[in-house]
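The hints should help you fit chain A onto chain G, whose structure is shown.
Quick mapping for you: the protein sequence lines, in order, are chains G and A. The first sequence runs -19 to 413 under our numbering. The second sequence runs -19 to 413 under our numbering.
Heads up, none of these hints are tricks.
Note: identical chains are not told apart, hence a pair may lie in one copy or across any two.
In silico lysine to aspartate or glutamate, EDC-like type, Cα no more than 20 Å apart, as pairs: (1) LYS45 with ASP56; (2) LYS13 with GLU(-11); (3) LYS88 with ASP3; (4) LYS14 with GLU49; (5) LYS77 with GLU(-12); (6) LYS88 with GLU(-12); (7) LYS153 with GLU118; (8) LYS184 with ASP220; (9) LYS13 with ASP56; (10) LYS287 with ASP362; (11) LYS50 with GLU310; (12) LYS272 with ASP3; (13) LYS76 with GLU310; (14) LYS165 with GLU124.
Since the hints were made in silico from the structure, they are not lab data.
Residues per chain, in single letters:
2 protein chains.
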Amino acid sequence: MTNQELKEEDLKYIFHPCTQMKDHEKLPLISIKKAYGVYLEDFEGNRYIDAISSWWVNTLGHSNKFINEKIKAQLDNLEHILLAGFTHEPAVKLAKKLVELTPNGLDKVFFADNGSSGIEVALKMAFHYHANKGEKREYFVSLENSYHGETIGALSVSDMGLYKDVYNPILIKTLRAKSPKSQTKEEAKIALLDMENLLKEKHKNIVAIIVEPLIQCAGNMNMYHSDYLVGLRELCDLYDVFLIADEVAVGFGRTGKLFACEWAEITPDFMILSKGLTAGYLPLSVVMMKQKIYDAFYCEYDTKGVKSFLHSHSYTGNPLSCTAALAGIEFLENENVIENNKKTIRFIQEQLKRLESFPTVTNIRQQGMVCAFDIVGYKSEDRIGIKFYEYALKMGVILRPLGNVIYFMPPYIITQEEIEKVFDTIVKSLKNL
Amino acid sequence: MTNQELKEEDLKYIFHPCTQMKDHEKLPLISIKKAYGVYLEDFEGNRYIDAISSWWVNTLGHSNKFINEKIKAQLDNLEHILLAGFTHEPAVKLAKKLVELTPNGLDKVFFADNGSSGIEVALKMAFHYHANKGEKREYFVSLENSYHGETIGALSVSDMGLYKDVYNPILIKTLRAKSPKSQTKEEAKIALLDMENLLKEKHKNIVAIIVEPLIQCAGNMNMYHSDYLVGLRELCDLYDVFLIADEVAVGFGRTGKLFACEWAEITPDFMILSKGLTAGYLPLSVVMMKQKIYDAFYCEYDTKGVKSFLHSHSYTGNPLSCTAALAGIEFLENENVIENNKKTIRFIQEQLKRLESFPTVTNIRQQGMVCAFDIVGYKSEDRIGIKFYEYALKMGVILRPLGNVIYFMPPYIITQEEIEKVFDTIVKSLKNL
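Bound conformation, chain G alone (with noise of 0.2 Å):
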């Protein structure tokens, strides 16, 4: 097999995620052979380093021995069992482990399979809990400049415009409140008094409250203050909304610590983990919960189901993914990686002051393991970002952008000297635009 022959087989039959494909006749697409630490390897030998972790999703390196044999092992036990009636050691530990884990509070443990559909079960059950208590609400409120997935449900409480204007007839109708639009604590303030505003008039009729806490990841790592979240934490509180905390990105380590709500000390009534979860080995996603949450559903069974949760999907705690994640964390654990991040985190900080000088450069935003930048001065038509993207895909360093947004995503394991290179391919691509 060559880099070409499987990228015209490919062109033959797949029809890629997030692509316009007549892009494909210019953009190269390549054809990966194997991975391991942070580089992806074609069929000719090239590799690439994994810049934003494959979609966010890599934490501790492609094909890590740790993880393999761990995966290896459960195959020869136990690859899947169905969930409902019958339970297996990886969903009972990792679901023990995330509860040790996340902020106190968080008891229970729901088990979806990916992102979109953890943020379905979380909203669905958010909902119902309300219906349980016998009050009618149905209002979802979510930040400007928002993204929590792809299925209608998902889609209907983001708020880009890019995946989701042309589907506004068949989405559901929910509420946007301004998102603070930087790191500042003036921003917090003025996002806190919007979300007020909308509270006070229409708190009777909420739902919940979404938001990824500290970063709006696809909406063009936006970055926020965590003043923000106690606040927000305490609207919900005093008007008894719930807060949902999308953290199937930010979770994990990406900001700097294991989950992004420990920055203000806050526990979400919900938080959802994914990507990161498995670390980037398996779809799952988990929704965790506080107890009175559960407690909301636990009653004998009416036969019309009409107080319990019956959301169900077939691979939900897959005993490989579970097991994955267990090996993650770990792993995690075991290398004091999160601690070991924040040189790394360092590091990232003196290289981004490398960027400063570009006039092309701006809005230079960095939180824990995720840094971002905007190429300006340019035109929309020109589409800079799929420019910057492909040149530093010559050099070697996946960089696919957000519209004029690059960002920088490593796995945690990635050396001074592979962020270097990183920070230099940067800095030749903008000089080269």
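Here is chain A on its own, set in the frame of chain G:
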């Protein structure tokens, strides 16, 4: 670890899918240590025949050595990379194979990672197709008694009150047509007439019709004649409306042919596959579509993405899941499984006759590797299905019911001896009720 220990730990942390947790104060929650062939084994060496294929996913037995070895080899090479801008052999080989195997004309493959998400992809893509053609259509049509998944979009085209009614205020509006209520040609005609009336009146505002071909699985295993599909295809052509075939549960040999649509010799416009796609190993789904659908999205990118299909899930086209799927297909072909199933299907047909004399058994039905019957003569509060389930469990057979409907949907590698044991158990359970 003992059964009891794992169960106690489980109940501290896990909110199980599709489960009223209070039921587990009495209903057994079974701790599974390992699985092989058709058997699940607990920590005390008790074993259970998985007569429902772990929610209809397992086709080739648990911990199948051939599939295990393929996944292990893949683990050492490439566990996961993003599928946007990149590609890999397992995705390409699987896409090519699926285009070969599915009905003629399904030429492109979009990857997702669970059944519900696959349904949402098809709904959004069908809607978006019309928008790209300058038409405003907004209604999806599904059948009475249908079930297509749990996310808001998938649930909106479902019709089972048990899963849906409480969420009505947050679902999107869809249309419903009569479903053929039995396997007779007459029922097919009645239902087609109803669909034709609906199309006559509203076709200009209808995006697509979605059905589960031949068996409404979660819809109490309602089976219907392939004439309905023939007629439905004709109606969809006549009224220029898409036909979406949800083969998540019925695909991959369940109905006696590789795909249920083959019984009617039709090609739907979209076909969604999941569950048996990975032989019961890992989460994965695909949406197969006609070339003209792919073509409607193929154009110059317009920076607002208006005509592009920008849907994605992080683990889309996961190499390990694709490898499981490819290994499963190779096993199916090498072992001539679909052909051999014909004998198994006849044997099940023979065994079903043992149930005919029971006054509490009605509506005995079979379609390929799925058979079902209803238990009658009890009040709904009796939850007779659950009692049946418990009794069969004690005898080592898993027959999780749908209300008062008992169904048998085994892995294809089940032997005649094991089938006899299942029917012995059914007979004894019925006598014991």
